[in-house]
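Please build the complex by placing chain Z on the supplied structure of chain L, with the hints as guidance.
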Amino acid sequence: MNLTLRIWRQKGPEDKGRMVTYKVDDVSPDMSFLEMLDVLNERLILQGEEPVAFDHDCREGICGMCGLMINGNAHGPQRGTTACQLHMRQFSDGDTIDIEPWRARAFPVIKDLVVNRNAFDKIIAAGGYITAPTGSAPEAHATPVAKADADAAFESAACIGCGACVAACPNGSGMLFTAAKVTQLSLLPQGQPERYTRVIGMVDAHDEAGFGGCTNAGECTAVCPKGIPLNTIGRLNRDYLAATAKRGGTPGS
Amino acid sequence: MDLYTEGDPIADAKAPDGPIETRWERRRFEAKLVNPANRRKLTVIVVGTGLAGGSAAATLAEQGYQVKSYCYQDSPRRAHSIAAQGGINAAKNYRNDGDSVHRLFYDTVKGGDFRSRESNVHRLAEVSVNIIDQCVAQGVPFAREYGGLLDTRSFGGAQVQRTFYARGQTGQQLLLGAYQALERQIGLGNVEMNARHEMLELVIVDGRARGIVVRDLVTGEITTEMADAVVLASGGYGNVFYLSTNAKGCNVTASWRAHRKGAYFANPCYTQIHPTCIPVSGDHQSKLTLMSESLRNDGRVWVPKAKGDNRAPRDIPEDERDYYLERIYPSFGNLVPRDIASRAAKNVCDEGRGVGPGGLGVYLDFADAINRLGRKAIEAKYGNLFEMYERITGEDPYQVPMRIYPAVHYTMGGLWVDYDLQSTIPGLFVIGEANFSDHGANRLGASALMQGLADGYFVLPNTLANYLASGPFDKVDASHPAAVEARATVEDRLQRLLAINGDRTVDSFHRELGQIMWEHCGMERSEAGLRKAIDEIRTLRDEFWQRVRVPGDGEGLNQSLEKAGRVADFFELAELMCIDALHREESCGGHFRAEHQTPDGEAQRDDERFAYVAAWEYGGTGQPVLHKEDLKFEYVHPTQRSYK
Numbered sequence: 000m001n002l003t004l005r006i007w008r009q010k011g012p013e014d015k016g017r018m019v020t021y022k023v024d025d026v027s028p029d030m031s032f033l034e035m036l037d038v039l040n041e042r043l044i045l046q047g048e049e050p051v052a053f054d055h056d057c058r059e060g061i062c063g064m065c066g067l068m069i070n071g072n073a074h075g076p077q078r079g080t081t082a083c084q085l086h087m088r089q090f091s092d093g094d095t096i097d098i099e100p101w102r103a104r105a106f107p108v109i110k111d112l113v114v115n116r117n118a119f120d121k122i123i124a125a126g127g128y129i130t131a132p133t134g135s136a137p138e139a140h141a142t143p144v145a146k147a148d149a150d151a152a153f154e155s156a157a158c159i160g161c162g163a164c165v166a167a168c169p170n171g172s173g174m175l176f177t178a179a180k181v182t183q184l185s186l187l188p189q190g191q192p193e194r195y196t197r198v199i200g201m202v203d204a205h206d207e208a209g210f211g212g213c214t215n216a217g218e219c220t221a222v223c224p225k226g227i228p229l230n231t232i233g234r235l236n237r238d239y240l241a242a243t244a245k246r247g248g249t250p251g252s
Numbered sequence: 000m001d002l003y004t005e006g007d008p009i010a011d012a013k014a015p016d017g018p019i020e021t022r023w024e025r026r027r028f029e030a031k032l033v034n035p036a037n038r039r040k041l042t043v044i045v046v047g048t049g050l051a052g053g054s055a056a057a058t059l060a061e062q063g064y065q066v067k068s069y070c071y072q073d074s075p076r077r078a079h080s081i082a083a084q085g086g087i088n089a090a091k092n093y094r095n096d097g098d099s100v101h102r103l104f105y106d107t108v109k110g111g112d113f114r115s116r117e118s119n120v121h122r123l124a125e126v127s128v129n130i131i132d133q134c135v136a137q138g139v140p141f142a143r144e145y146g147g148l149l150d151t152r153s154f155g156g157a158q159v160q161r162t163f164y165a166r167g168q169t170g171q172q173l174l175l176g177a178y179q180a181l182e183r184q185i186g187l188g189n190v191e192m193n194a195r196h197e198m199l200e201l202v203i204v205d206g207r208a209r210g211i212v213v214r215d216l217v218t219g220e221i222t223t224e225m226a227d228a229v230v231l232a233s234g235g236y237g238n239v240f241y242l243s244t245n246a247k248g249c250n251v252t253a254s255w256r257a258h259r260k261g262a263y264f265a266n267p268c269y270t271q272i273h274p275t276c277i278p279v280s281g282d283h284q285s286k287l288t289l290m291s292e293s294l295r296n297d298g299r300v301w302v303p304k305a306k307g308d309n310r311a312p313r314d315i316p317e318d319e320r321d322y323y324l325e326r327i328y329p330s331f332g333n334l335v336p337r338d339i340a341s342r343a344a345k346n347v348c349d350e351g352r353g354v355g356p357g358g359l360g361v362y363l364d365f366a367d368a369i370n371r372l373g374r375k376a377i378e379a380k381y382g383n384l385f386e387m388y389e390r391i392t393g394e395d396p397y398q399v400p401m402r403i404y405p406a407v408h409y410t411m412g413g414l415w416v417d418y419d420l421q422s423t424i425p426g427l428f429v430i431g432e433a434n435f436s437d438h439g440a441n442r443l444g445a446s447a448l449m450q451g452l453a454d455g456y457f458v459l460p461n462t463l464a465n466y467l468a469s470g471p472f473d474k475v476d477a478s479h480p481a482a483v484e485a486r487a488t489v490e491d492r493l494q495r496l497l498a499i500n501g502d503r504t505v506d507s508f509h510r511e512l513g514q515i516m517w518e519h520c521g522m523e524r525s526e527a528g529l530r531k532a533i534d535e536i537r538t539l540r541d542e543f544w545q546r547v548r549v550p551g552d553g554e555g556l557n558q559s560l561e562k563a564g565r566v567a568d569f570f571e572l573a574e575l576m577c578i579d580a581l582h583r584e585e586s587c588g589g590h591f592r593a594e595h596q597t598p599d600g601e602a603q604r605d606d607e608r609f610a611y612v613a614a615w616e617y618g619g620t621g622q623p624v625l626h627k628e629d630l631k632f633e634y635v636h637p638t639q640r641s642y643k
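Chains L and Z are the protein sequences, given in the same order.
Letter by letter, the first sequence follows residues 0 to 252 of numbering that gives the first Met the number 0.
Letter by letter, the second sequence follows residues 0 to 643 of numbering that gives the first Met the number 0.
The following block holds chain L by itself, in its conformation from the complex (with noise of 0.2 Å):
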């Protein structure tokens, strides 16, 4: 098939970046998205040009490196898939696809469609930790985990920490990925003696990167390519509200 790509250049943080058109023709409906660009790339490296920064690695759907926005799209319009697992029989011959980068405040774009996502690992070292140093740990049976908490601490622990979730939030908020963190260790019997330092600390963390608040838009969600429920949110809220308790201040003080 036949694509027409308006694509996001800028040339580096301090450029204004703007939109440009590329054709691509014999798309395969079995390509990946990614393989898709490829193509172009190469094309444009044969003619000359500069290719399209994108960011991308396993190109298997786990290692959330790749974040594109896909005519407005956090990672395209197939639910629950990465962009590099979006396959072009998703779109039809004659398409023309926007795609730009992540856009959030917490998230400058590098060059192209490339962003810094280093916010996020400044949450995860401001608690999203259980502290467990090398060589201290009991035995693994010395504590069993029911089985519908463990489950459900893996159902938050699928957080691939893409972005997807910031990039599509009308307040650019990093919460679901703030909440995915706090709710797997805190449903976990060793994530207790942290629970309530750890939801200040990634809390805080989150709004000292520049993340937005979040007004349960639910946009998050619903592109998150590992579908971690909105309740998730909640149960931050919960710990939060408890941590604040416990500490005697006001909530967001």
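No lab work stands behind these hints: they were computed from the structure.
One or more of the hints may lead you astray.
One side only, chain Z facing chain L, incomplete, derived with CB under 8 Å [to be verified]:
#	residue
1	Arg77
2	Ile81
3	Ala136
4	Glu144
5	Gly248
6	Arg390
7	Arg537
Here are the simulated SDA-like cross-link-like pairs (lysine to any residue), alpha carbons at most 20 Å apart as the crow flies [unchecked claim]:
#	chain 1	residue 1	chain 2	residue 2
8	L	Lys225	L	Gly71
9	L	Lys146	Z	Leu148
10	L	Lys121	L	Lys10
11	L	Lys10	Z	Glu561
12	L	Lys10	Z	Leu497
13	L	Lys22	L	Gln89
14	L	Lys225	Z	Asp297
15	Z	Lys31	L	Gly134
16	L	Lys146	Z	Ala379
17	Z	Lys13	Z	Tyr611
18	Z	Lys375	L	Gln89
19	Z	Lys631	Z	Arg152
20	L	Lys146	Z	Tyr93
21	L	Lys225	Z	Asn383
22	L	Lys121	Z	Leu187
23	L	Lys10	Z	Pro550
24	L	Lys225	Z	Glu386
25	L	Lys146	Z	Leu149
26	L	Lys146	Z	Arg152
27	L	Lys10	Z	Gly551
28	Z	Lys40	Z	Val475
29	L	Lys225	Z	Ala379
30	L	Lys146	Z	Glu144
No residue lacks a Cβ here, since even glycine has one placed at the ideal position from N, Cα and C.
What follows is chain Z alone, placed relative to chain L:
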């Protein structure tokens, strides 16, 4: 042979002798320690943030060392360990099904076709149990049973259920555990994290590894980073084949640069071809996707009995199907080790009984399992894999059998290390897939995660301390002549790549190199094919340096420049792999030489001549030099592997 010369043999003198189950304990006790106050004064560079690098960096920082960590991805959480699906082995024997440390040791030595070191493998089996404890304490959400205890399943090459898992995302969950421990140390200021940085050279001062030259992939800035020791955890080199299950960025550059500086490269020809991957769909293919080996627990592999039978799979009656693994290997059935399953698939396709486009595929059929257990149970176990298959192929595996074909997945070879995981360059340690140490000629399923975490959490932190305790080493900085020279090498090379301005893209060369390697150094190798491959690689490499086009400049993000440097190193590695494969005139594990097979087509080892590790010294512009390390088997007597 005319392609290499032979040097002195090497002995791995570091492993203590005595009863095998006491060796690691004794080594740890004999290791010198660094007192906590002195650890703060010592800097360790760790390249790579996968299971090995991430766990090592976190653990070293917990112990009090100053750690500098590097990865080419935008976050340490994205290292390719994240894509491991099936599970992690550990000799917990929670199933009470006859497992033990000794049995895991035995299975791994046998699975590796008797080409690994007994001492290393035993240590791996010993610490496997600690890994599970550590990961559970970190909050890794392993699959559990209703009683709240950990669930396990079977994997290839074993008859016990010792594989712990987190649905089909075990690697992701283990890596996030290590990543979170690493982030905690970053937050505490004990680790300086440098994401989007690529190591391009090793700095050696007075015979010791003392630093690396890195390029900041965002700004293009080249810097020299000095330390008291360097740890490479930069993964395997499967992308030399272009198409593999590795992430697109996986590369051999860190290892190859160290090799060029004197680190021996061991057993480069030992590559693992994984039997269950989604077949290639066209020339545009950029990577291959694995379908976890765990699927072989419930899926049955078959092809039609008749050649060229192109009926739809559901229209082929039961008695016209050949469940060839169950037929040839009745005791292990669909769970034979990877090398055996891959070659069997190749054989039936070579006979003209393959299915799907081009006849390069076999069925992996879940119809029996769905009938027996119900669709829901299958969904719970493999749901994410089935969805992934459908997204990629457009076919629903609940309705029609999956089509699978072998693909390059893992490399058992890597930089040579001693029992302490130290390379032939003092102060350069190599862990995880980047080293060669534990899997022999074939890695068993669910053992890569085990080895990565064993090295990073439990082995390296002990053996590295022993090395650092032999200091303090002279203070050196980036103005040292050796560091200046290393940096100049990097800058020259980048400039050279940018200046060629030819008429072919990096990817076109990489793809062509991959085709040569897959054809001649893939599932089956022969003398004639390997010689042809070496000629073709040399010709193509010359062409690369004359005709490649790398657009843009070295300032700022330039993904073509990154790829060009990696492919240039793959060219050199590819030749060494073929030489290694050519010199090893036997078949073992993943290395199958057409000339050396049993009458029924199984790998024919030659223990008289080849029971050694082939450690290659870089020959510069001349020929590589082979150093042999003899393998001794005191506990597991080498036999012809039989899974029948």
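(request) Sort out which numbered hints this structure fails and list those numbers smallest first. (result) Of the numbered hints, 7, 10, 14, 18 and 19 do not hold.
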